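Chains as they are written, first to last, in the working numbering: chain A, 1 to 312; chain B, 1 to 316; chain C, 1 to 341.
Please keep in mind that the hints were generated in silico from the structure rather than gathered at the bench.
It should be emphasised that the depicted structure is a prediction, and the values quoted were computed from it without experimental measurement.
Be aware that one or more of the hints could be misleading.
Computed cross-link-like contacts, DSS-like style, restricted to lysine-lysine with a CA-CA straight-line distance of at most 27 Å [to be verified]:
no.	chain 1	residue 1	chain 2	residue 2
1	A	K16	C	K27
2	A	K138	B	K59
3	B	K227	C	K27
4	B	K74	B	K59
5	C	K143	B	K128
6	A	K142	B	K314
Listed next, the stretches of chain A that the computed footprint assigns to chain B, with coverage defined by at least 3 CB atoms under 8 Å from CB atoms of chain B [to be verified]:
no.	region
7	62 to 73
8	79 to 85
9	160 to 166
10	223 to 229
Every residue gets a Cβ at the ideal spot worked out from N, C-alpha and C, and that includes glycine.
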Amino acid sequence: MNMKTKKTALDRKLDKIRVAEESGKLGTKLTNRTLRKLTSNKLAVFGAILFVVICVLCFGAPLFTRYSPTEFSLTEIQAKPSLAHIFGTDQMGRDIWSRMLYGGRISIIVGLGSALGAALLGVTLGMYVGYLGGWVDKILMKLADIFMSIPQMVMIIIIVALVGQSLQNLIIIFILTGWPSMYRMARSKVLSLREEEFVQSLRAFGISRTKIAFKHMLPNALGPIVVNITLSTAMFILQEASLSVLNYGVPMELATWGNIISVITNSGTIRFDWLDKWWMWLPCSIMLILFVLSINFIGDGMRDASDPTQIG
Amino acid sequence: MLNFTLRKLIGMIPMLIIITFLIYWGIELMPGDVIDFLIPMDQLAEMSAEEIAAFKAAKGLDGPMIVRYLSWLKDVCTGNLGFSLQNNMPVSELMMQKLPATIELSLAALVISTVLGILLGVVSALKKGKIADNVLTVAGMIGVAIPQFLFGIFCIILFCLTLNWFPVGQRGDGGLLSELHHLFLPAFVLGISQTAGVMRYSRSSMLDSMNRDYVKTARAKGLPEWKVNMYHGFRVACTPVMVLIGFRLPTLISGAIVIENIFQWPGVGRWFTDAIKTQNTPIIMSVGLFMVLMVLLSSLLVDILTAVLDPRVKLS
Amino acid sequence: MSESQNNVVLSVKDLHVYFYTNQRCNKVLRGVSFDVKRGRTLCIVGESGCGKSVTANSILRLLPELSRIEEGSITYYKEDGTEIRLDQLEKNGKEMRAIRGQDIAIIFQDPMTALNPVFTVGYQIEEMLRQHKPGLSKEQYKKEAIEDLADMGIPAPDIRYGEYPHQFSGGMRQRSMIAMGMSCDPKILLADEPTTALDVTISAQIFDLMNDLKREHDTAIMMITHNMGVVAEMADEVAVMYMGNIVEYGPVEDIFTNPAHPYTKALLRSIPVLGKGKNQQLEPIRGSTPDPFNRPKGCQFCPRCDYACPRCEEEMPDEEWVKEGHYTRCFNYREVMADGK
Chain A
1 MNMKTKKTAL
11 DRKLDKIRVA
21 EESGKLGTKL
31 TNRTLRKLTS
41 NKLAVFGAIL
51 FVVICVLCFG
61 APLFTRYSPT
71 EFSLTEIQAK
81 PSLAHIFGTD
91 QMGRDIWSRM
101 LYGGRISIIV
111 GLGSALGAAL
121 LGVTLGMYVG
131 YLGGWVDKIL
141 MKLADIFMSI
151 PQMVMIIIIV
161 ALVGQSLQNL
171 IIIFILTGWP
181 SMYRMARSKV
191 LSLREEEFVQ
201 SLRAFGISRT
211 KIAFKHMLPN
221 ALGPIVVNIT
231 LSTAMFILQE
241 ASLSVLNYGV
251 PMELATWGNI
261 ISVITNSGTI
271 RFDWLDKWWM
281 WLPCSIMLIL
291 FVLSINFIGD
301 GMRDASDPTQ
311 IG
Chain B
1 MLNFTLRKLI
11 GMIPMLIIIT
21 FLIYWGIELM
31 PGDVIDFLIP
41 MDQLAEMSAE
51 EIAAFKAAKG
61 LDGPMIVRYL
71 SWLKDVCTGN
81 LGFSLQNNMP
91 VSELMMQKLP
101 ATIELSLAAL
111 VISTVLGILL
121 GVVSALKKGK
131 IADNVLTVAG
141 MIGVAIPQFL
151 FGIFCIILFC
161 LTLNWFPVGQ
171 RGDGGLLSEL
181 HHLFLPAFVL
191 GISQTAGVMR
201 YSRSSMLDSM
211 NRDYVKTARA
221 KGLPEWKVNM
231 YHGFRVACTP
241 VMVLIGFRLP
251 TLISGAIVIE
261 NIFQWPGVGR
271 WFTDAIKTQN
281 TPIIMSVGLF
291 MVLMVLLSSL
301 LVDILTAVLD
311 PRVKLS
Chain C
1 MSESQNNVVL
11 SVKDLHVYFY
21 TNQRCNKVLR
31 GVSFDVKRGR
41 TLCIVGESGC
51 GKSVTANSIL
61 RLLPELSRIE
71 EGSITYYKED
81 GTEIRLDQLE
91 KNGKEMRAIR
101 GQDIAIIFQD
111 PMTALNPVFT
121 VGYQIEEMLR
131 QHKPGLSKEQ
141 YKKEAIEDLA
151 DMGIPAPDIR
161 YGEYPHQFSG
171 GMRQRSMIAM
181 GMSCDPKILL
191 ADEPTTALDV
201 TISAQIFDLM
211 NDLKREHDTA
221 IMMITHNMGV
231 VAEMADEVAV
241 MYMGNIVEYG
251 PVEDIFTNPA
261 HPYTKALLRS
271 IPVLGKGKNQ
281 QLEPIRGSTP
291 DPFNRPKGCQ
301 FCPRCDYACP
311 RCEEEMPDEE
321 WVKEGHYTRC
331 FNYREVMADG
341 K
């Protein structure tokens, strides 16, 4: 009697591994399992390529466009895409492709800078204070609670109104609103690491608490932190765009993805008369979406790869 | 349970006082004088210093910040939310007009994102590695990558302008069908952007639960797969998902501000952004108070729900 | 011979199970054969990672996703004489599910995680009854579940019925697991290290319980353990496993008094024997278990064996019958047996 009447796709895949194993092709792998899982994740690889391409385009902007993002020409207002301006021009006659590239620089800096800043603040505090405990920890935890209880947009809008609109201010505001979640994550990781035996034994050796926290515990918490940084980068870029729509973002004269896209809105509402001038907002929207998507693919791939419960 | 709820509610009071104070302080520190928004420029130029002071005193805008905050706090405790600086309308009355729209929108979005997110997440987990899972994963990622307002614009272009299925913005005329017709698209847009997050989380939570020993025990009992998945796998997986949804409520409210603007939805979100531009303190404070209260109450709800869903959790 | 044949309820022949994790193929079981007989206890003993649990899970087809039964057969002999090839059934299909719990039940190693934390213990036992004895009333299910708990010596079963697993102690949880397993009077009980997570007095009680069940219901028990003491106490037959093979199989007395495989012998030498005084020489087995991806070419135990010969390095010995019902996989078994203890 035939044991298996039909073979599923999984069976075929397993057959292939078995043949390879039996022919001795699968030796001890030198590469790290996490890295291998990441590189075999097609979405993550695609995301990484997309990310690099967009970064190269934006930071090497002068190589890809001959226009300056601020140079306006009153003879070419809202011009359709043409050979001279591949994505046309905006309401002030500025080349949109050039604005997209230079604007990308700022959007990426805002996103990445805020995420790194929030991580630096949140993780440093979480690692050290979470390990030490005590009243500082209690106060910071309460503070994080308060920060997280105020809807982020409300807080951002109020702070923007408070300190005024500028690039630096926006990054500072994002760091201020972003640190509590980083703090909580780092703290909970520290609380579980603190009970591990290697930490106990380090303490028994009389190694200083600062050294234990940052030299021995931090590397163990790095995986989720890196994932969190990538995902926050995406979130901050999206928030920058939302704020531009509400006119609370980076000052309008500075090109950012959010500012370019927000021409389609007028203090929050849609400008229906401009919807058919698609080149003014759609290409940039797609660029922003692709960039955020690439970061999410990378972040998700890293999370899967660093998760030992996910076999593969 | 009752004891716990009461204790938590009392615990909220200092939290509310601190947060409202911070907001009040924030408004106070904003550049510019409120009076610039209340009196037209040319009139203001003609007014004497005494007249301005008298005007401020009449509006309750004089005196040190602390004193004004405390008097605001006292008024709120007696149920008086103050009067709009712009038109002297009582804020509580305005709130009553605008609040239902926002609550309606947020609730509908919450329902959509919860139901859809959990459903798709569970499907994705059960079909792990198969086509359905991959499609949902990519769709979910695209869902979180599109800014909410852009998604709103795309939907308006497609469903309102091209297909003419839904009206753009505004609320219905009171009839249930008309209300739903107007509500659907903004709630959908607001809900979908939340769905992706809920879906990813439900997926991983479900995968985690399905890897546990009790699932193997359930299989060893001879239970059919759907019972293993739903009774044993899902029942445990849903607790952390509920917690996440509770924690996500602030994001939902933030999103509502943007969506209300895009869809011209007459809720507190639009009102709020307008009030900030004119430094209309009573309105900002009332909306802020409402939003913070919503967040705190929902975190309480999450606590209670967790205790109901998980017998190991004791409310204390 | 024919009489003993009739008593066989489960027969595993030349079972090969491979795991395919991390893009590698791990040959976890490499040809395992044994019989489980009515009213008898078979103990499978071996160190961790040798494939004991995999064997039990293969019988109920509870293997994880990335694993496969490659070769061999698992046959279940029903009381009415029909034979069911468990290895050919659909994994979670209707026939397989009808056998799980009803004919073959399993108790897992860790009672802390094997019970679902969000359901009452009573509900989880009832679930088993509802599945295999449909059509009873709600009260009847409850009554049966409470009786099952009472049978396992759980005090105040009617109160315990409505409690959650976290309100139970470890021993109580394992009792309720057994109550659940026995609730449908299965013909075979697979016990996967049922007492590893419990302390000694509790495990003694659990063993007594299992022995009672075996006597009263004529249940066949397949017990997995790494503890030679448990084997001595519980087993009728013993199968010693090493790196995915049964290296020795036989009646418990033969295995203990006259081991025919160097590994069995080494295992016995490595544990203290009660009553032998305090000057016993305990010898740990030298070396360590090989990497499953980098196995010795011939006999798996060869690098650690005192009796190894050049032939052992080249080929895996076949099953050789020492006498009826006792086989070993060793070329030099005569030498091993003659060597004495």
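Against the structure, test the hints numbered earlier, and report the numbers of the ones violated in rising order. The structure conflicts with hints 2, 3, 5, 7, 8 and 10, although it agrees with all the remaining ones.
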